[in-house]
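Protein chains: 4
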Amino acid sequence: MKALVKTKTVRGAELLDVEVPKIGPNDLLVKVEAAAICGTDNHIYDWSPWAAARLKLPRIFGHEYAGEVVEVGSAVRGFSVGDRVAAETHIPCLTCFQCRTGRQHTCEKMQIIGVHTDGAFAEYSLLPEACAWKLAPDMSTELGAILEPIGVAANGLFKDRIDGLSVAVVGCGPIGIFCGQLAQGAGARQLFLTDVNAYRLDLARKVLPAARVLNAVEDDVLGVVREATEGRGVDVAIELSGTQPGTEQAFDMLAKGGRASLVGLPPRPVTLEMTSAIIYREAIVYGSTGRLMWDTWYRVGGLLKAGAFDPMPVITHRFPLSEYAQALELTLSANAGKVLLMP
Amino acid sequence: MKALVKTKTVRGAELLDVEVPKIGPNDLLVKVEAAAICGTDNHIYDWSPWAAARLKLPRIFGHEYAGEVVEVGSAVRGFSVGDRVAAETHIPCLTCFQCRTGRQHTCEKMQIIGVHTDGAFAEYSLLPEACAWKLAPDMSTELGAILEPIGVAANGLFKDRIDGLSVAVVGCGPIGIFCGQLAQGAGARQLFLTDVNAYRLDLARKVLPAARVLNAVEDDVLGVVREATEGRGVDVAIELSGTQPGTEQAFDMLAKGGRASLVGLPPRPVTLEMTSAIIYREAIVYGSTGRLMWDTWYRVGGLLKAGAFDPMPVITHRFPLSEYAQALELTLSANAGKVLLMP
Amino acid sequence: MKALVKTKTVRGAELLDVEVPKIGPNDLLVKVEAAAICGTDNHIYDWSPWAAARLKLPRIFGHEYAGEVVEVGSAVRGFSVGDRVAAETHIPCLTCFQCRTGRQHTCEKMQIIGVHTDGAFAEYSLLPEACAWKLAPDMSTELGAILEPIGVAANGLFKDRIDGLSVAVVGCGPIGIFCGQLAQGAGARQLFLTDVNAYRLDLARKVLPAARVLNAVEDDVLGVVREATEGRGVDVAIELSGTQPGTEQAFDMLAKGGRASLVGLPPRPVTLEMTSAIIYREAIVYGSTGRLMWDTWYRVGGLLKAGAFDPMPVITHRFPLSEYAQALELTLSANAGKVLLMP
Amino acid sequence: MKALVKTKTVRGAELLDVEVPKIGPNDLLVKVEAAAICGTDNHIYDWSPWAAARLKLPRIFGHEYAGEVVEVGSAVRGFSVGDRVAAETHIPCLTCFQCRTGRQHTCEKMQIIGVHTDGAFAEYSLLPEACAWKLAPDMSTELGAILEPIGVAANGLFKDRIDGLSVAVVGCGPIGIFCGQLAQGAGARQLFLTDVNAYRLDLARKVLPAARVLNAVEDDVLGVVREATEGRGVDVAIELSGTQPGTEQAFDMLAKGGRASLVGLPPRPVTLEMTSAIIYREAIVYGSTGRLMWDTWYRVGGLLKAGAFDPMPVITHRFPLSEYAQALELTLSANAGKVLLMP
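Protein chains in written order, with my numbering: chain A, 1 to 343; chain B, 1 to 343; chain C, 1 to 343; chain D, 1 to 343.
In short, the hints are calculated from the structure, not lab data.
Be a bit skeptical, because a hint or two may be false.
If several chains are the same, the list does not tell them apart, and a pair holds so long as it fits within one copy or across any two.
Distance condition first, Cα-Cα at most 27 angstroms in a straight line; then the derived DSS-like pairs of lysine-lysine [stated by the list, open to error]:
id, residue 1, residue 2
1, K206, K31
2, K305, K206
3, K2, K56
4, K134, K109
5, K305, K8
6, K305, K31
7, K305, K22
8, K56, K134
9, K56, K206
10, K2, K109
11, K22, K8
12, K109, K206
In this text the structure is predicted, and so the values were computed from the model without any measurement.
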């Protein structure tokens, strides 16, 4: 089969002919129909320090995907050939403390598809049954391919309730826009989004016309937020930029007693006035990584079924797998929403 | 001033000329602009055992209202003449355990406006500062007058989150329809409502076109619910009928691990198979009365500001105060949504 | 091996020689060292309607047990020969909605050891890896054998926090006494227990000298509770009797805004004044069955490690397996605490 | 009356004869019987930048106290002359969003006794009724005087449950030791405390003999914690040092999914590797200031009534008010537990 393989410890990747993977007793073999490009894939393609610290080469990468089950392992009980599935990319051990107390997504022995095991920028991919999510019959495979990053947004946003609360999102990439859509779908009182990238600000304004989309540097963000919230600030702030100024802005916007979710991964330490940012404010700060299995998936599925939001406009580009280089360069430029590769 | 007074221990009430009330240091004097009729008012008018056990006559009744502040007591600090306000009808003592731990609405020495103190079917009414809610500038007084019963719905529905969950509401009176609207506004996956009254079923279908509105007796309610929820049942059930069959139906519809809120007040004991209804199901059952002060009000305010629902179509009739008899007979017939009296 | 087998649809059971069970890929074979008698076992021995509705004969019963792993299946990864384990008796399917959202203990396809599969009143017993709990090195096997019913108590009690709250327990059987011990270990303000059985009242008084242990019928239970709680009632009530008067007493004792856990299984419908018992009280009522997997086990393990309680005095009798009839007659009489069978 | 007054913007204070304060309608006049010295009082005495930024002189300081009510305002309903009371030092406005949603302790217009109003290092002090807590009849006034700082500990510790969880406390000052006592009283699995001050380490070891008390710099803190928690780290970490290394240590000790409360006030910004400290760990971080009114007080009261902990040994010194200088120099040296001034 064709597969996009990271073979060398430099920028780039190669489209190679490789063996179709062989399934174990608990695996599904999935014919990949659509795979989305994640920031992680950019790290791998670009061979950042993050990637260099984690990958053993060669490695087929890509992990946000959906497709059809074409073979099932001998011990699989919940899935059949012909099922359409999306992939949860975190592979849990099922036996550690985290896995045994409802936190498989932070398994102490976590493996990640496309990082520690071969992934989905390929015609076929292995999926452990424990990581398979059956698609609703009326859901497109393209939507299935982006359920995983929508889940990242949901995991950050839904640490607690949203109904009637004001929400600010720092970062207008795909996950930021999904956060905004989920917040509106769940009854947020008001929605503010900030970024500094013109493409992403435009996309956010187009997809979320009722929100206040602000340039994080050029606009008077705090002034706007305070004026719109009777001076209190927002009840919920979601930090997706992974930057020092983004993190500061998230706390500056936050009301007393509000909650902040930190989702973006700062590559460097962040310096904060803890006393004013968190302590006197009695903020609740949630670290957020991956997606709660499987509550997040059910919750997103429920909001999609209700028609509470439509994530498809966030998919801005589609490429055949053979044009992977163009697709990855585009996502590295940040001038895109969600980008799909179609094997 | 004109006021509707319960003077005798029989059905009926009288429109009398009485003194405008004199305010104490912590009171507001409110010019009543719209007052809604509650089931409690029907009990009082009809002189039911519930009313007979609680009221000392004469008593001006009515408690769901909004209007303009025309005078403030010497110790009032948060309100001014000219403010437009809605009334929270539960008067807390502010010193008991309930009041001191965030549960003023279940104060151990609770008094109720229009039951224990003179109420709002009158040109002017006294409102303790602790019970006053300032209306947003863009909110109509009519909407202000029904915030209190919307809060009853919110208190029952929002015991926990709703986003992405399926919801069933037993009873399509105004509070049931508000529950449905709030649930949809907060991102409920699916919505089911049941009743046996044709007028109310019609009103629910008109106001909530996306919901499944079912005749509780004639339709195969459980079959519909199970088919639509992959056999699981609903995540949230709200019981508003206060009846034996309504309570049974609420639990029958409920999924394992689901939650039920009991809001309707059964006048007689209810008999339940606890083992199957609650215990093996690991249901969580919430008794719900009044409205959490003031979280419920802020939450409803946030959903209204978001445009997540529009309660105005639930107001089906408006009468001048002088036509009180016609209005009260109409609400007693149950062939109405919310009915307003305009002093 | 020797095994206690239910062979006939009448009172009784037979000690037979049977084959040692053969393990599947995900199973452990456990040499049973201690097994406790549960109320379920009494139902089976006595052949109650509950048992007749559930069991296919012949069936080895018994499910509360601990022992040593003597063989492991080919796919087992978390356990080894020589490990000492206790059994979680609810076998989850791991693929249903309940299992996938942290509620394996209410699996939609639940099977129960000793009811749907052969159990532990035998020299050896099969235990799925998903149901195995490794014993701490310093924990006795006898204590291991009663972790399961302690978990029933913990699941009912720890629906929410206990620290600083007053607690009432209706029923002084072993689970009631465990509830009391766990409540004291977790910092309960005050503890009240009620029963009508003299043996159990005595045992409760002996094991819980700091608690108020009251005869549910002869003592002025409500008077005592109200006097000790400034008239408010208890914050937490645990119903273990499964009776009409016990359920009424649990709610009568409960404070406004308090929570009640229903754990005992009423064989008949219960009739309640919902309005006063639950609704005006804004009670939160939890149905409780089995044990949350595995949070409950970790929590109990933590309290045991802290030395916060000592369940061993609740074990009042030990019998060799051959004296099963005497042991089961004793537990049926209710004049015992926890009773062990030693294969 | 005699009162300790901050009169000049330099180190020190003066014992002066001043007028007994005059009560307003909602005030109590309290004869101060015991007052404890808080870190805030050290700031005021020492005239730190914190104090200089907040106080207008002259000001009677001191705010942790208990005594007897000798006069009540005309509008006071919940207290009488002769009542023994302790003081909540945060004066809420009762009308802002925070106050109206159960968060009076983070009132948007908060005033603090002994900072914004005259305080309690005096023979008499004014106490708003909204800040008064009635002492149980069997509670000593000295214990009453330290309920406020015990509440600081409780507010940080009890953000969620403790039963069966492992707890680490960074800082062995009085609040740190109270945290440890409360944690043990609420059933913590294990307890670790760290500090660098020899006096405080000794005091912690004496008061909490079952805890692991470690020198934060000299001992292998992480090694000890990991070894004792099967490599997982603690479930709960409380940061009281307000320092860069203390904050880092709190997160280093924390398990995945664990929670950290930040209580100590860092005078300078803190720099953190957010990705590893909080995000990948999915930590929940609580800013914590003051005490939840009045849940914290009831919870502490319940644990005291249960005999779950005894805070009295944390009071290490008592001085007459006239020896204020000696007392304040002692607390500034940090070589003391809680120090009382007796007017």
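Taking the hints in turn, this is what the structure says about them:
1. Proximity of K206 and K31 under a CA criterion of 27 angstroms is satisfied in neither setting, with 33 angstroms inside one chain copy and 46 angstroms between copies.
2. For a Cα distance limit of 27 angstroms, the shortest separation of K305 from K206 qualifies both inside one copy, at 23 angstroms, and across copies, at 21 angstroms.
3. Within a single copy, K2 and K56 get their C-alpha atoms as close as 20 angstroms, which meets the 27 angstroms cut-off; across copies the closest is 53 angstroms, which misses it.
4. Taking CA atoms no more than 27 angstroms apart as the test, K134 paired with K109 passes in both settings, with 25 angstroms inside one copy and 19 angstroms between copies.
5. Taking the shortest Cα distances, K305 and K8 never come within 27 angstroms of each other, neither inside one copy (43 angstroms) nor across copies (51 angstroms).
6. In this homomeric assembly, K305 and K31 come within 27 angstroms of each other (Cα to Cα) only inside a single copy, at 25 angstroms, whereas the closest approach across copies is 46 angstroms.
7. In this assembly of identical chains, K305 and K22 lie within 27 angstroms of each other by CA distance neither inside one copy nor across copies; the values are 35 angstroms within and 45 angstroms between.
8. Taking the shortest alpha-carbon separations for K56 and K134, neither the intra-copy value of 30 angstroms nor the inter-copy value of 34 angstroms comes in at or below 27 angstroms.
9. Proximity of K56 to K206 under the C-alpha cut-off of 27 angstroms is found in neither arrangement, the shortest distances being 40 angstroms within a copy and 52 angstroms between copies.
10. Taking the shortest alpha-carbon separations for K2 and K109, neither the intra-copy value of 30 angstroms nor the inter-copy value of 41 angstroms comes in at or below 27 angstroms.
11. In this assembly of identical chains, the alpha carbons of K22 and K8 lie at most 27 angstroms apart only when taken from the same copy (24 angstroms versus 49 angstroms across copies).
12. Proximity of K109 and K206 under a CA criterion of 27 angstroms is satisfied in neither setting, with 41 angstroms inside one chain copy and 40 angstroms between copies.
Hints 1, 5, 7, 8, 9, 10, 12, counting from the list given before, are not met by this structure.
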